[in-house]
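There are 2 protein chains.
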Amino acid sequence: MELSTNKKILIVGLGLLGGSYAQALSRQGFSVRAITRRQDSVDFALEKGWIEAGKTEPDPEWIGWADLTVLALYPHILLEWLQANAKYFSPGAFVTDVTGVKSAIVDRAQELMPEGVEFIAAHPMAGREVCGVENSTAEIFRGANYIVTPTEKNTPKGIALCRSLGERLGFARVSELSPEKHDRIIAYVSQLTHCIAVSLMTCNMDPRLQDYTGDSFRDLTRIARINEEMWSELFQINKEALISQIDAFAGELHRIRTYLSDGNEEKLKEMMRLSTERRALFDKPLQKSE
Amino acid sequence: MELSTNKKILIVGLGLLGGSYAQALSRQGFSVRAITRRQDSVDFALEKGWIEAGKTEPDPEWIGWADLTVLALYPHILLEWLQANAKYFSPGAFVTDVTGVKSAIVDRAQELMPEGVEFIAAHPMAGREVCGVENSTAEIFRGANYIVTPTEKNTPKGIALCRSLGERLGFARVSELSPEKHDRIIAYVSQLTHCIAVSLMTCNMDPRLQDYTGDSFRDLTRIARINEEMWSELFQINKEALISQIDAFAGELHRIRTYLSDGNEEKLKEMMRLSTERRALFDKPLQKSE
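In the order they appear, the protein sequences are chains A and B.
So for the first sequence, our numbering puts the first residue at -6; every next one is plus one.
So for the second sequence, our numbering puts the first residue at -6; every next one is plus one.
Quick caveat, the hints were computed from the structure, so don't treat them as lab data.
Mixed in with the good hints there might be a few duds.
Copies of one chain are not kept apart here, so a pair can be met inside one copy or by any two copies together.
For lysine to aspartate or glutamate, the following EDC-like pairs were computed, each having C-alpha atoms within a straight-line distance of at most 20 Å [as the list claims (entries may be wrong)]:
hint	residue 1	residue 2
1	K232	D255
2	K262	E122
3	K1	E111
4	K262	E221
5	K260	E221
6	K174	D204
7	K262	E233
8	K80	E108
Next up, chain A with everything else stripped away, as it sits in the complex (with noise of 0.2 Å):
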């Protein structure tokens, strides 16, 4: 199911991630209204043009106005936010969200809808170092990818419309997965290198550091500037995962070690190899999914 222009969209929270939706959805003509804490981002996505109408407060109307909700909060908001609110979702209506976790918040927000309304989850992988509507940009879809996370209670029509939200958005590709294969993988390629970036800038204090760096290093530390209150979070929600992807990389990092404390040239220049083989797959240019 293609998601036509037709539809009436209501965003919950404009962060960085909600504005760049409302962004990206009121250029291609949906009618968009949002529901924030601060009416100055109200004001601000009012201003350019990015919703026809923003309140500070859940609205019971508003919320059965809308079509297909977006609820752009973190994790343990989206779920108080449903439990006080799901109750005035039209039937027939489309719920998603953006969170970067998803099999603890999936069930969950599944068993709070009501009869008729279908909660279909989404990872729109997509950020920046720095939060709030007045960040926003629809450009950080592109060259990006969106994951459609279903469960068995999601129906052909709730996925197809999500991953129609995901093309018309602008990422570059629009996969599947379970919530469950998301998670594991989300550890590794999101959560894991969060941690690492974090745990390489806090691991040498030399105040004049910035003299003497590539760009390596510039490159693996540009997310340790860190939303410290949103990734607290996701990590704690998934930490079983997270933590055995610490393992297993900390068990490699830790194999580089024996080799040069070894001698060990053959068997390191092997592992080399292998990670640059491995690296030349993400070179190739992303084909559109579209």
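Given the coordinates of chain A, assemble chain B onto it according to the supplied hints.
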């Protein structure tokens, strides 16, 4: 002492860096010759106009011709080359290098210099994930750091000349470190980052990973495409410093693991705030040192 364009420059080794030096210096009007192993590298650089002449074997007359020789060679080849050819340098000549490790190289290189010839070491912190003169470009020096690593055997004149070379090449910042301090810092900002990228790439074998990654994973593994001959040699030469950086980093990562496993969100956030604060220093614009 400013490096004036009447100085005659010999580049030994036309790889990625040697070629980029040749390009930058010939553009500035220097007379540049090259000695390198492969005739096709000579032909490429000649055709581009980066060198006036090139040879595939060391030529005593050419070595004596140079006011400044740049050794753009792997560490062990650099020392072998000097053992065989340092005697041909003319009194008053200067010799520099591009090697990524210093302590093990500089002392030995300085011992190999004939009377009146000064070896002044430098590390241009620039590179690409590809090698060979065909991929050379002086663009890699823009915004990058250049570190001169003098010893007590160096003269103010030699140090100034080498700094001037870094500026002529177009580096954003030229600084000085002792070889020992350089090696400790490089173990951290460059060698450790390469170990991390390789470990991150090899610790998970999911073949469809590229469908699910965000920018962070791609940033952290860009350098996982690695020249295994060069890096395993650099790692081995600097292995004590590198192992101690691996241990410091692994300790921090383990700290995150402990906070996660204990559910200690406060400590985790504290570490993230420190990381954010320290990383922010890097996003200030670089000052030109010229």
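Checked hints:
no. : hint        : in the structure
1   : K232 x D255 : between (34 Å within a copy, 10 Å between copies)
2   : K262 x E122 : between (34 Å within a copy, 16 Å between copies)
3   : K1 x E111   : within (15 Å within a copy, 75 Å between copies)
4   : K262 x E221 : between (37 Å within a copy, 5 Å between copies)
5   : K260 x E221 : between (38 Å within a copy, 11 Å between copies)
6   : K174 x D204 : between (41 Å within a copy, 13 Å between copies)
7   : K262 x E233 : between (32 Å within a copy, 18 Å between copies)
8   : K80 x E108  : within (9 Å within a copy, 89 Å between copies)
Checked against the numbered hints above, the structure violates none of them.
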